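**Student:** Okay, here's what each chain looks like letter by letter:
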Amino acid sequence: MKEVEIRRLLAANLLCALAIILTAVVPAFFLDGFTVLGTHLTWLCVCSGCVGTLNVILHLVLKPNQSSKRSSFAHKMSRFLKCCIYFFMSCILFHAIIVLYGAPLIESVTETFLFAVLLSTFTTLQCLCMLGPNIQAWIRVFSKNGAMSIWESSLQITTVCSILGAWFGAFPIPLDWDRPWQVWPISCSLGATFGYMAGLIIAPLWIHWNRKQRTYKSR
Amino acid sequence: GMVSNWTKIPPPLFKKVVIVLIDALRDDFVFGSKGKQFMPYTTQVVEKGTSYSFIAEAKPPTVTMPRIKALMTGSIPGFIDVVVNLNSPALLDDNLIWQAKTAGKRIIFYGDDTWVKLFPKHFVEYDGTTSFFVSDFTEVDDNVTRHLDRVLKREDWDLLILHYLGLDHIGHMTGPNSPLVGPKLREMDNILKKIHISLLSKEEASLPNLLVVCGDHGMSETGSHGGSSEGEVHTPLLFISSAFEKRSGPLTQPEHVQQTDLASTLAVGLGLPISRNSVGNIILPVVGGKTMREQLRFVHLNGFQLSRLLQENTPAYEKDPGYEHFKIAEKSHGNWIKLYLEGNNSEILLNLGKKVLKQYLEALKTLSSSLSKQVAQYDMYSMMVGTVIIMEVLLLLLLSVPKALSKRAEFEVPLSPPLFSLLFYLMCLMLCAVHVIVCTSAESLCYFCSMSWLTAVGVMMLISALMCGILSAIAKIFENSRLPLKNPVVSSSSWSEIDVLILAGTIGHVLSLGASSFIEEEHQTWYFLINTLCLVLCQELCRNNFLLKECDPQRSISVKQSFDSIGETSESKNIDIPAAGNSKLGKATSSSEFIKVSDKWISLATPWIILICCRLLRSLNQTGVQWAHRPDFGHWLTSSEHKSELSFLAAVSLLMIFFLVQRRCSLVSKIAMALGLLGVYSYRAAIGNVVFPWQHGGKDISK
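Going down the list, the protein sequences come from chains P and H. Mind the numbering: the first sequence is residues 1 to 219 in our numbering, read in order. Mind the numbering: the second sequence is residues 220 to 922 in our numbering, read in order.
Think of the hints as simulated: they come from the structure by calculation, not from any bench. No experiment lies behind these values; they were computed from the predicted model shown. You may find that some hints are simply not true.
[What the hints assert, rightly or not] Straight-line C-alpha distance at most 25 Å; calculated DMTMM-like pairs for lysine to aspartate or glutamate:
(1) H:Lys253 x P:Glu107
(2) H:Lys320 x H:Asp332
(3) H:Lys253 x H:Glu406
(4) H:Lys421 x H:Asp332
(5) H:Lys577 x H:Glu629
(6) P:Lys144 x H:Glu716
(7) P:Lys144 x H:Glu759
(8) H:Lys509 x H:Glu549
(9) H:Lys592 x H:Glu474
(10) H:Lys412 x H:Glu423
(11) P:Lys144 x H:Asp718
(12) H:Lys577 x H:Glu561
Pulled out of the complex, with its shape left as it was, chain H reads as follows (with noise of 0.2 Å):
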């Protein structure tokens, strides 16, 4: 049928927008208990103003880059940004600040850095605040507060973005039941209500104004995010513009909408393209207060945008179900513009106008899901290669462990038999030939098939090498374990009490890390494993300096062949292993003899010491998630009133290096380090940290 005559972008629909996003809002914060407690001014909003209130459903990971990335481009972006969320480069998809800027418009932003990494040259004026410390939850949020008076009285901007990062922060500190979350939101609320009146009083007839509040993500019950729990995914959208009609009738629950709608809701309001790796639908209310041959005209402009993307993934995308239905409305649609066009305007045109916004609609709802399940799927062929390189270096060292640990500390990888023997070439063939079969097979995208042929012929050739040196170490093993054992009575590869410990201890500690809260808690597993091994040293060396005296002469020589083997041993082991081994020798009344009374104390007490280190550094610094909160030392000795007991320990830790280290130094060495050491002390004292003696009760010296 015939297609309208607008070829044209569509104009804007609104003239200044402000997005307010606040980092980890969750739902209930604005909706819930919370909401109408703290948030007044949104609540009679949502509740009774023109607004349009919808729950947003971010998918995971819910973590900023990702998140923001998701709400300016409309697609859905995976776990591997997670991994560079940390140094996030520029946004290279298309997206819509890049549209934006494209069109003209003048884009102001304030708060989280993240923003002007994403899109480095695209705002005409930032300030970007660091999101790192997770410890300030007040200046974060002022120094995007402190511009903002001064912007709302500026007329030279089109698109206004804010990114207060307060809330997050409080979240990971002290969780989302604790009393800070109160008033933060209570600030939030008036910094959206200053927004809003000065939205409407500098609105002109011709276009409204438009005020977008949301969150990128939400928050666990324990103040983290990262995750696809329900109160981490669900955030608040919100619309307010005076363009809306004044909500009446009884309170309704928000619908619930993908927060990947928001890209392409914002560009046909801004009059933009629709961004094209978008995967969302335009959210009708807002764009829907014009004509029904404009809102037909939008969620077409929205269809053929998804149905373009889906041609572009999917090589059968004809038989897509969202495509079919996408073609029917498309049809229909042409049907009621040749009926419109012939000017008539009865209430036939109107309802057939409304199915065909229904049958558009429905086919975005499904050309949108079939789109997002596409993302899901992952490049099995590369990552196969990359868990293979992986296993196979991991079994090579393991094999080769034992040797590098023992007295003899050698590591030998045997490489050069592989590389001539029938295998390897065998093998590289076999892969070669695989590798072929896999990448002119494969319809979707595939790394490793990308890369140039000879990379790849590399790679094939490394993993059959470290195939064949796998293989021949394991014929190594079993040629050794079949010879006659030498020594049958000196064992030195037999197990003690301390390396099963040792050995369970790190597979406890590994499979530990199959549970998150073992994940979060980490550092409580290793001081609980420290501390085992400790105490059975401990008993260890008791036990050996404490023994009976009595021992048969047979026992005698065994033990005295231990110990000269494990006399050359002792260097590698930090025990003090010849006073026990010698207290063991037949001679009762002598074993004083051997060793000095003070370094079998001085042994003894060793390991008690190291348990009282870690007892003091547990306490030092709470870390972890459920007792982060918990005041710990290191707060008692960093607040101001403690300074000088800070100063005392700084002064006398430098000191105690000093006297550990200058037994070994020359007088030159001894000089420049007690100058450096005094230097550490002064440049603490010089910005405040710590304060020097004469100075005690003073004032505080100026940064």
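If we strip away everything but chain P, and leave its shape as in the complex, we get (with noise of 0.2 Å):
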């Protein structure tokens, strides 16, 4: 693989991160009363919008895997409704696996739900872009030496990096420390956050640091 792949992967990934960074300080700007801990939902909204779109802008921009297929106009929207039905299925599995962890059912539901739905945006979003609503791909791109490209190699890591924060997240929890930021659900999605920044950098690094090792499989 090319340096320059690696180049333009850290370029996206800093984007990114810039990005996030940007939706904790910008709002504070037009609207009231803004921050982090004390508005959170409008922070969960506004980060995960955010990250949306910049990741859907980018891959279009982009086009790592070149699918040089000419589709038709129909084609091309049933693969987007499929891959908003596939989000929109993914929050919901988010939302039921973090209900299983024992969040509240009845009360706090909108607070699970845009936790649920910044998870998906990390994790879900990103492999709708790059590999498309194609379970297959996804279950091959996740298994042991799976990865075709680096920007799969990337997914993994961030993917990972993403779910991990936001279970690390879940440790304070229980402390009776009082702070603001343990309230549900600040800690777990200030935990994902971090992970998926944490990801971004951490991947152009570790695969230019294993570079000589990966070798991978030509399509």
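Build the complex: two chains, separate frames, hints provided.
**Tutor:** Pasting the structure below:
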């Protein structure tokens, strides 16, 4: 693989990370009393929206997997609808898993659902952009040595990091420190965000460091 | 110098003493804003009445039984008492209650039955209430208060002890800031008012009565207790009696005293000898309404008792500063007595007396603190021996566990080679030599040294044998790892993801026990780890079942070999691995021939069913400390409006038990089981937990 690809990956990831930081800072100028901890639900919406749109734009622009098939508009529309349905289903699935982990079922539904949307943006949206609504392709990418390009390796790393971040973010919840960031779902969503940003930065570095050992099968 | 002629114990200062011990009474419940709002009578007595109020500091562990021991013996019990807190045997140390009974005082007790266990035959009349049901905070106190009116009218008692548990239960259930604390404090205030008025009305001119209000420990911010935070160690201590002068002048903060001071104060107040192991000072204002000669007599008694205790426990007692001060004060006391007996009744005598009193009080304080420090000495040698044995057994188990859990499932402790090796005998000799050296040079008491020689030698042999066993197990492991692997392809001890997760989860759980919040919420850790494990299992199953069908032949051969070895161990794992392993075999289209589709879906659905059950369990019963008060499904089911739902659920569960088990039973067992399950339901219906369908909407069955 070429150095150029790695540099492109690094640039794209840094742009995503910057966007997340901007979502924490910029809306304070437009909305009154906006803080990440205070108006957390607003921040979740803004962050998911920004990251989602940025990812979609990046992948439309960069087009790392050149699918040179000419497809009709109807096909494209059906793919788009399928993507939307898969995204929504992944939100519901994440919501169910979070409730099974102990989130209240009837109270705080909005908070749990927005957290699920955030997690889906970090994980499923990336998969959808890069691989399309093709579950077999997802399973292939997430199996051992299944990544076929550096974009897919990056996808593996960011997904795993953001899920691990959300998992570790649950640790402070039973502590009785009475901090504002221990309210549900702030610690978990912040953990997921930090995990995602860490994954974005680590992925190009990891690929660069391992480039001698990695050989990708040609498609 | 001369010592006074009085040799007998001074007469009692109070006729009747009532001790009201309110469990978990924190100092700010009486002296703070809550006290002023909810305990008006007490506040008025403290501020304007004939009382003395102090803040008594308890030493940890702030749990009820050690605190009762501290209050009654004046000594400082240690942490090991917490272990026997649930099953406290009789108190054998010298204590106030025993002294009172021996002196012929009649003691009546109502309250926590811990007292009845600690002092089994000391009470003339008693009624112990159990402290086990934390959710009840009205009946435990009503059971005490119902006797109150009757007993206050009677004349046939000298010491009345009341122990109220309601406030403690409220603290545990809902915390110190809950709305239940206020009414409970008001209830306690009314009780104190009733007792005080009754004591005042029945008072004789010869000897006044005394009302003591105290707490055994306080309450932390979350309502629990046991540690040493500020709220847990500070309790109020009130002495109310007409023997005291009315308080006048500006309000001052109550002084701090030690909880152990109560035993010696009450002993002097009741005319009893001070308990032998008491380390407390008498609280002078309480016993100080008398002449200077009597006051000096009291403090001298206390100092004498403390110095005798010091003598018994420290070989170098003469060098202790408290002892030296006491001797100096005693000499000055002798001089004062000489002047007093000469009839010198002037100001000089009074001032000298005050000086002697001050010297005594300082000496007492120093003696108390050096005695308290002594108690915290640990028996290092016995502790080390115990720790060494435990660590050796743990190491031995850890070394044998991999073999025990492998597919050969053997647990072998290599014992016979060590027993005949030279190392074993050398170690035995060395340990016996160490034991002799430590025991002959030990100054303080040592439990292990007090055991017979035979037992000690046996323990030493055990330690040596375990050590030799460990060394031979380690040697065997090194031998095995040096042998060439026979089957390099199949390594049956390779770690899969799930193994890593289980190991990391166990270590993480152990580490989390270092934080007290995680200990209180340990069930959250368990639920979290089980959820993670199920999800990882689920994703592994998904991957195995839905993996792409192309795989190269080399991989399929190794997969087949690993499938064979997995197949042998599939009985020990509860996962449907053969179904998954089968699908990995090279033939893509015939994967469905090997497994039934229903098996595959059952194996995929099982982790999710476990997850749903865990989630239901979580909301069935809220435990822990922080979220224990949240409503849960269990409360909903056991409340009286939902008896029909509970009955239905109980009936369905019993039926399911029957249907799941009845397949493997003979006819006779089936009938017996059915009758048994029916009996269970009938019993529950008879005590009123569930209802039969034909009673729906009918009356309650009386118990």
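**Student:** Check the structure against each numbered hint from earlier and tell me which ones fail, lowest number first.
**Tutor:** 1, 4 and 5
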